[in-house]
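Visitor: Start from the sequences and build out the full structure, keeping to the hints where you can.
So the protein sequences, as listed, match chains A and B.
Note that the first sequence ends on residue 324 in the working numbering; no numbers are left out.
Note that the second sequence ends on residue 248 in the working numbering; no numbers are left out.
Derived from the structure by calculation, the hints contain no laboratory data.
Because the structure is a prediction, the values reported are computed rather than measured.
Hints are supplied without guarantee of correctness; some may be wrong.
Just the calculated beta-carbon pair ranges, DEER-fashion [what the hints assert, rightly or not]:
id: 1; chain 1: B; residue 1: Asp75; chain 2: A; residue 2: Gly270; range: 55 to 61 Å
id: 2; chain 1: A; residue 1: Ala149; chain 2: B; residue 2: Glu138; range: 38 to 44 Å
id: 3; chain 1: B; residue 1: Glu125; chain 2: A; residue 2: Arg219; range: 26 to 32 Å
id: 4; chain 1: A; residue 1: Leu165; chain 2: B; residue 2: Ser133; range: 56 to 62 Å
id: 5; chain 1: A; residue 1: Val312; chain 2: B; residue 2: Glu138; range: 25 to 31 Å
id: 6; chain 1: A; residue 1: Leu64; chain 2: B; residue 2: Ser171; range: 57 to 63 Å
id: 7; chain 1: A; residue 1: Arg163; chain 2: B; residue 2: Ser61; range: 42 to 48 Å
id: 8; chain 1: B; residue 1: Glu125; chain 2: A; residue 2: Phe151; range: 40 to 46 Å
id: 9; chain 1: A; residue 1: Val192; chain 2: B; residue 2: Glu125; range: 52 to 58 Å
id: 10; chain 1: A; residue 1: Phe182; chain 2: B; residue 2: Ala117; range: 50 to 56 Å
id: 11; chain 1: B; residue 1: Glu138; chain 2: A; residue 2: Phe182; range: 56 to 62 Å
id: 12; chain 1: A; residue 1: Pro66; chain 2: B; residue 2: Gln240; range: 58 to 64 Å
Derived pair list, reagent style SDA-like, types lysine to any residue, alpha-carbon separation capped at 25 Å [said to hold, decoys possible]:
id: 13; chain 1: B; residue 1: Lys135; chain 2: A; residue 2: Thr222
id: 14; chain 1: B; residue 1: Lys110; chain 2: A; residue 2: Asn233
id: 15; chain 1: B; residue 1: Lys11; chain 2: B; residue 2: Glu67
id: 16; chain 1: B; residue 1: Lys113; chain 2: B; residue 2: His97
id: 17; chain 1: B; residue 1: Lys11; chain 2: B; residue 2: Asp79
id: 18; chain 1: B; residue 1: Lys243; chain 2: B; residue 2: Pro41
id: 19; chain 1: B; residue 1: Lys110; chain 2: A; residue 2: Leu241
id: 20; chain 1: B; residue 1: Lys110; chain 2: A; residue 2: Gly220
id: 21; chain 1: B; residue 1: Lys113; chain 2: A; residue 2: Leu241
id: 22; chain 1: B; residue 1: Lys110; chain 2: A; residue 2: Phe245
id: 23; chain 1: B; residue 1: Lys110; chain 2: A; residue 2: Gln243
id: 24; chain 1: B; residue 1: Lys116; chain 2: A; residue 2: Met236
id: 25; chain 1: B; residue 1: Lys110; chain 2: A; residue 2: Ser231
id: 26; chain 1: B; residue 1: Lys113; chain 2: A; residue 2: Phe237
id: 27; chain 1: B; residue 1: Lys116; chain 2: A; residue 2: Arg232
id: 28; chain 1: B; residue 1: Lys116; chain 2: A; residue 2: Thr222
id: 29; chain 1: B; residue 1: Lys113; chain 2: A; residue 2: Gln243
id: 30; chain 1: B; residue 1: Lys160; chain 2: A; residue 2: Thr222
id: 31; chain 1: B; residue 1: Lys116; chain 2: A; residue 2: Phe237
id: 32; chain 1: B; residue 1: Lys110; chain 2: A; residue 2: Glu215
id: 33; chain 1: B; residue 1: Lys11; chain 2: B; residue 2: Ser61
id: 34; chain 1: B; residue 1: Lys160; chain 2: B; residue 2: Gly31
id: 35; chain 1: B; residue 1: Lys110; chain 2: A; residue 2: Ala216
id: 36; chain 1: B; residue 1: Lys116; chain 2: A; residue 2: Asn233
id: 37; chain 1: B; residue 1: Lys24; chain 2: B; residue 2: Gln234
id: 38; chain 1: B; residue 1: Lys116; chain 2: A; residue 2: Ser231
id: 39; chain 1: B; residue 1: Lys110; chain 2: A; residue 2: Met145
id: 40; chain 1: B; residue 1: Lys113; chain 2: A; residue 2: Gln221
Glycine is no exception: its CB is placed at the ideal position from the N, C-alpha and C atoms.
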Amino acid sequence: MTTAERAGADDSASAGAESEAKARSAASDLASGSQRPQRKKRLTPTQRERAFQAAMYVLAALAVLAVALAADWPTIQRNFFQVDVIRDMFPELVIIAAKNTAIYTTLSFVLGFVLALGLALMRMSTVAPFRAFAMIYIELFRGLPALVTLILIGFGLPIAFDGFRLGSTLVRGSVGLAIVAGAYMAETIRAGVEAVPRGQTEAARSLGMSRNRTMFTIVLPQAFRIIIPPLTNELVLLIKDTSLFFVLGTTPESKELTKFARDFMVSSRNATPLTVVAIAYLVITLPLTYVVRRMERNAGKSR
Amino acid sequence: MDSQQAIEVKDLHKYFGDLEVLKGIDFQVGHGEVVCVIGPSGSGKSTLLRCINRLEESTSGTILIEGEDITDPDADVDLLRTRIGMVFQQFNLFPHLTVLRNLTVGQTKVLKRSKAEAAEIADEMLARVGLSEKREEYPIRLSGGQQQRVAIARSLCMKPDMMLFDEPTSALDPELVGEVLEVMRSLADEGMTMMVVTHEMGFASEVADRVVFMDEGVVVEEGPPAEVLKDPQTERAQQFLKMIDHA
Ligand SMILES: Nc1ncnc2c1ncn2[C@@H]1O[C@H](COP(=O)(O)OP(=O)(O)OP(=O)(O)O)[C@@H](O)[C@H]1O
Ligand SMILES: [Mg+2]
Numbered sequence: 022m023t024t025a026e027r028a029g030a031d032d033s034a035s036a037g038a039e040s041e042a043k044a045r046s047a048a049s050d051l052a053s054g055s056q057r058p059q060r061k062k063r064l065t066p067t068q069r070e071r072a073f074q075a076a077m078y079v080l081a082a083l084a085v086l087a088v089a090l091a092a093d094w095p096t097i098q099r100n101f102f103q104v105d106v107i108r109d110m111f112p113e114l115v116i117i118a119a120k121n122t123a124i125y126t127t128l129s130f131v132l133g134f135v136l137a138l139g140l141a142l143m144r145m146s147t148v149a150p151f152r153a154f155a156m157i158y159i160e161l162f163r164g165l166p167a168l169v170t171l172i173l174i175g176f177g178l179p180i181a182f183d184g185f186r187l188g189s190t191l192v193r194g195s196v197g198l199a200i201v202a203g204a205y206m207a208e209t210i211r212a213g214v215e216a217v218p219r220g221q222t223e224a225a226r227s228l229g230m231s232r233n234r235t236m237f238t239i240v241l242p243q244a245f246r247i248i249i250p251p252l253t254n255e256l257v258l259l260i261k262d263t264s265l266f267f268v269l270g271t272t273p274e275s276k277e278l279t280k281f282a283r284d285f286m287v288s289s290r291n292a293t294p295l296t297v298v299a300i301a302y303l304v305i306t307l308p309l310t311y312v313v314r315r316m317e318r319n320a321g322k323s324r
Numbered sequence: 002m003d004s005q006q007a008i009e010v011k012d013l014h015k016y017f018g019d020l021e022v023l024k025g026i027d028f029q030v031g032h033g034e035v036v037c038v039i040g041p042s043g044s045g046k047s048t049l050l051r052c053i054n055r056l057e058e059s060t061s062g063t064i065l066i067e068g069e070d071i072t073d074p075d076a077d078v079d080l081l082r083t084r085i086g087m088v089f090q091q092f093n094l095f096p097h098l099t100v101l102r103n104l105t106v107g108q109t110k111v112l113k114r115s116k117a118e119a120a121e122i123a124d125e126m127l128a129r130v131g132l133s134e135k136r137e138e139y140p141i142r143l144s145g146g147q148q149q150r151v152a153i154a155r156s157l158c159m160k161p162d163m164m165l166f167d168e169p170t171s172a173l174d175p176e177l178v179g180e181v182l183e184v185m186r187s188l189a190d191e192g193m194t195m196m197v198v199t200h201e202m203g204f205a206s207e208v209a210d211r212v213v214f215m216d217e218g219v220v221v222e223e224g225p226p227a228e229v230l231k232d233p234q235t236e237r238a239q240q241f242l243k244m245i246d247h248a
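Guide: Quick look at the structure:
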C-alpha cells in the first residue's frame, strides 16, 4: 500500500506521456479526415469528439442521479455524519489524536531525515563498505512493508533482545517509521546532490575546501533546495503512515488519529468518527500537497 | 634557488582509461610570467590545467609548484589549491550565496580569516573588478561578464601565488568578452603569474609573455607571441592559426 503510493509519487511523468499520445492520435484522425472530403455524411472529427464528450456528460449525470436516488440518505447521515458523535469527539480529537499524529510525524521525519542524510553520505562515500551498507539498507527498507518494520521494532527486537525494550509507543513507532522513511529520503537526498553541477564541487575544491567542507557548505545547501518538494511528499506519506502505530498498542493518551477513530467507532457504534478523521487528515495533507505542487510548478518555470 | 619556477611540469602523462590525453608535457611558467596555452579542441589544454591543481590526477610525471612536488600523494592538496587560483569557463559561482559570500566563503572556511577581515578583502577585490555595487546580489542576477569578474575576484581573495584560467571568455557573449579580458590584463600588469587557456589571439599576442601551442597531448611549439602567433614553425600550428583567423 505505502510502497505503491510512493511509487505513484514519482509517476507524474507517465501521465504526460499518455496525454501526448492522445494528442498524437487526435492529430492523425484529423489528417485522415481531411484526406476523404467526399464522405459528407460522416461527422467531422471535431463534431465526433464533441458528441462523445456530450455522451460522457450525460452518462456521468445519470450515474450521479442513480446514486442519489438509490442511496439511503438518512442511514448514511446517521452513520457517517452524526452530529452528536462529532461533538463527543472533541476536544480529544484535537488535543490528543491530531496532536499525537503531528508529534509522531515530526519525530519520524526528523529522525528519518538525520538517518537519510547519513545514509546518503555513506551511499556516495569513497569508502566501499559504507556504500555497500547504505545500499543494502536502502533496498531492504524500501522493499519491506512499513508495517513489517514497525512490528520488527515494536515486538521482534524486544522479544529477541531483552535490552531492546525501546520505551514508549512514541519512541518505538517513530524509530520504526524513521527507519523506513530514512531509506526513501536517502535516495531523494542523493538525487538532489547529484543534480548539483560538478562545476560547483570543482570551484569549491579549487578554493581549497576539503571534500566534506565542499559537501556541507556548497553542495548540500543547493541539493536541499532541489529536494524540498519530494521531501514534503515524504512528509505527507509519513503523516499517513503514523496510522500504522496502532499495531504497537496504545494507551488512551498515545492514540493518533486513526486509532482514535477506530476506538471511537466501537464505543459510539457509528462510522462518523471515520469521516471526521478523514477530514482531519485532509486538512493536514491537502495544504502540503498543494504547496508541493506550487513549488514544482515554479521550479519548472525557472528552468 | 633563483632559477626556481612558479610552475614546472616534467614529462607529464595523463590517461583517461586507455586514452592518453597528455603525452609527456614539459614546460615552465616563471614568476610573474603570463603564459597562454592555445590549441585545437581536445588537445588536452584543460586537462593540463586541471592536473596543475589536481582537479585531475596525472598518471605519471612531476609537477612542481614553487619547487614543491604536488603529484606526491602525501601533498596537502587543499593547501596547495589555496595558492593556485582557478577560473572556469562556466564561472561556477555558488548560486545560493550572495556575491559577497561567494568571495568570503573560502577565506573564512579555508583560510580561517575573521568575517570582518574576509569582507574587507572581498570589498577590495570587488572594487578591483569594478563590481562593488553588486556586493549583495545573487549571481543569477549578474550578466555573464560580471559573473566571470566575480569569479576572478573570488580567486583573488585567497591571495593566490598564481592563477589558472580555462577559456574564461568562451561562454560569454562577444560584447562581454572585453570587460573580462580587461580585468585579466590588469592582473597581468600587476605581475600575477598566469596560465591562460584561450582562443583570444588578440589577448595572447598583447598580454602573454609566452605562448604554448598544444596538439594531441603534446606541446608542439612555444615561444614569445610574436614568434608562435605571427611566424609559427610547425605545420600544425600554422594550420590551427589559419583556421582561427578565418573563424
Ligand atoms: N573526465 C574525462 N574522462 C574521459 N575523457 C576525458 C575526460 N576529460 C577529458 N577527456 C578527453 O581528453 C581529451 C582532452 O580533453 P581536454 O578537455 O583537456 O581538451 P581541451 O584542449 O581543453 O579542449 P577544448 O578546447 O574543447 O576545451 C579529449 O579527448 C576529451 O574527450
Ligand atoms: Mg578545455
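Visitor: Are the hints correct? Go through all of them and say.
Guide: To see whether the hints hold, each was checked on the structure:
One distance hint, 55 to 61 Å for the beta-carbon pair B:Asp75 and A:Gly270, holds here, with the actual separation near 58 Å. Checked against the given bound of 38 to 44 Å, the beta carbons of A:Ala149 and B:Glu138, roughly 43 Å apart, stay inside it. Evaluation of the 26 to 32 Å hint for B:Glu125 and A:Arg219 yields a pass: the beta carbon distance comes to about 30 Å. In this structure the hint that A:Leu165 and B:Ser133 lie 56 to 62 Å apart at CB holds, the actual value being about 58 Å.
Look at A:Val312 against B:Glu138: about 28 Å separates their beta carbons, and that is inside 25 to 31 Å. Between A:Leu64 and B:Ser171 the C-beta distance comes to about 59 Å, which sits within the given range of 57 to 63 Å. Taking the beta carbon of each, A:Arg163 and B:Ser61 are about 44 Å apart, inside 42 to 48 Å as hinted. Judged by the Cβ atoms, the range 40 to 46 Å given for B:Glu125 and A:Phe151 holds: they are separated by roughly 43 Å.
At roughly 54 Å, the beta carbons of A:Val192 and B:Glu125 sit within the given window of 52 to 58 Å. Between A:Phe182 and B:Ala117, the C-beta spacing of about 54 Å keeps the proposed range 50 to 56 Å intact. B:Glu138 and A:Phe182 have their C-beta atoms about 57 Å apart, which keeps the hinted 56 to 62 Å range intact. Taking the beta carbon of each, A:Pro66 and B:Gln240 are about 60 Å apart, inside 58 to 64 Å as hinted.
At roughly 24 Å between alpha-carbon atoms, B:Lys135 and A:Thr222 fall within 25 Å of each other, so this suggested pair holds. Of the pairs offered as hints, the one joining B:Lys110 and A:Asn233 holds, with about 12 Å between alpha carbons and a cut-off of 25 Å not exceeded. Distance check on the hinted pair: B:Lys11 and B:Glu67 sit about 14 Å apart at the alpha-carbon level, within 25 Å; holds. With a C-alpha separation of about 21 Å, the suggested pair B:Lys113 and B:His97 falls inside the 25 Å cut-off, and the hint holds.
With a CA separation close to 22 Å, the supplied pair B:Lys11 and B:Asp79 stays within the 25 Å bound. The suggested pairing of B:Lys243 with B:Pro41 holds, with an alpha-carbon distance near 12 Å, which does not exceed 25 Å. For the given pair, B:Lys110 sits about 16 Å from A:Leu241 by alpha-carbon distance, which is consistent with the 25 Å threshold. Annotation: proposed proximity of B:Lys110 to A:Gly220 holds, straight-line Cα distance about 19 Å (limit 25 Å).
For a cut-off of 25 Å, the pair hint linking B:Lys113 to A:Leu241 stands: about 21 Å separates their Cα positions. Under the criterion of a C-alpha separation no larger than 25 Å, the hint pairing B:Lys110 with A:Phe245 is consistent with the structure, at around 21 Å. For the proposed pair B:Lys110 and A:Gln243, the alpha carbon gap of about 18 Å is at most 25 Å, so the pair holds. Pair hint B:Lys116 plus A:Met236 holds up; C-alpha atoms about 21 Å apart against a cutoff of 25 Å.
At roughly 10 Å between alpha-carbon atoms, B:Lys110 and A:Ser231 fall within 25 Å of each other, so this suggested pair holds. Taking the CA atoms of B:Lys113 and A:Phe237, the gap is about 16 Å. The hint holds against a cut of 25 Å. Proposed proximity of B:Lys116 and A:Arg232 is supported: the alpha carbons are some 22 Å apart, at most 25 Å. Between B:Lys116 and A:Thr222 the CA atoms are separated by roughly 23 Å; this keeps the pair inside 25 Å, and the hint holds.
With a CA separation close to 23 Å, the supplied pair B:Lys113 and A:Gln243 stays within the 25 Å bound. Restraint check for B:Lys160 and A:Thr222: satisfied, since their Cα atoms lie roughly 20 Å apart, inside the 25 Å limit. Distance restraint check for B:Lys116 and A:Phe237: the Cα-Cα separation of roughly 19 Å lies within the 25 Å cut-off, and the hinted pair is therefore satisfied. Between B:Lys110 and A:Glu215 the CA atoms are separated by roughly 23 Å; this keeps the pair inside 25 Å, and the hint holds.
For the proposed pair B:Lys11 and B:Ser61, the alpha carbon gap of about 9 Å is at most 25 Å, so the pair holds. Using a Cα cut-off of 25 Å, the hinted pair B:Lys160 and B:Gly31 holds, with the two alpha carbons roughly 18 Å apart. For the hint pairing B:Lys110 with A:Ala216, the CA-to-CA distance comes to about 24 Å; that is within 25 Å, so the pair holds. A hinted pair counts as satisfied when its Cα atoms are at most 25 Å apart, and B:Lys116 with A:Asn233 qualifies at roughly 21 Å.
Proposed proximity of B:Lys24 and B:Gln234 is supported: the alpha carbons are some 21 Å apart, at most 25 Å. A threshold of 25 Å between alpha carbons decides the hint, and for B:Lys116 with A:Ser231 the separation of about 20 Å falls inside it, so the pair holds. In summary, the hint linking B:Lys110 to A:Met145 is supported, as the alpha carbons are separated by about 23 Å, within the 25 Å threshold. Between B:Lys113 and A:Gln221 the CA atoms are separated by roughly 21 Å; this keeps the pair inside 25 Å, and the hint holds.
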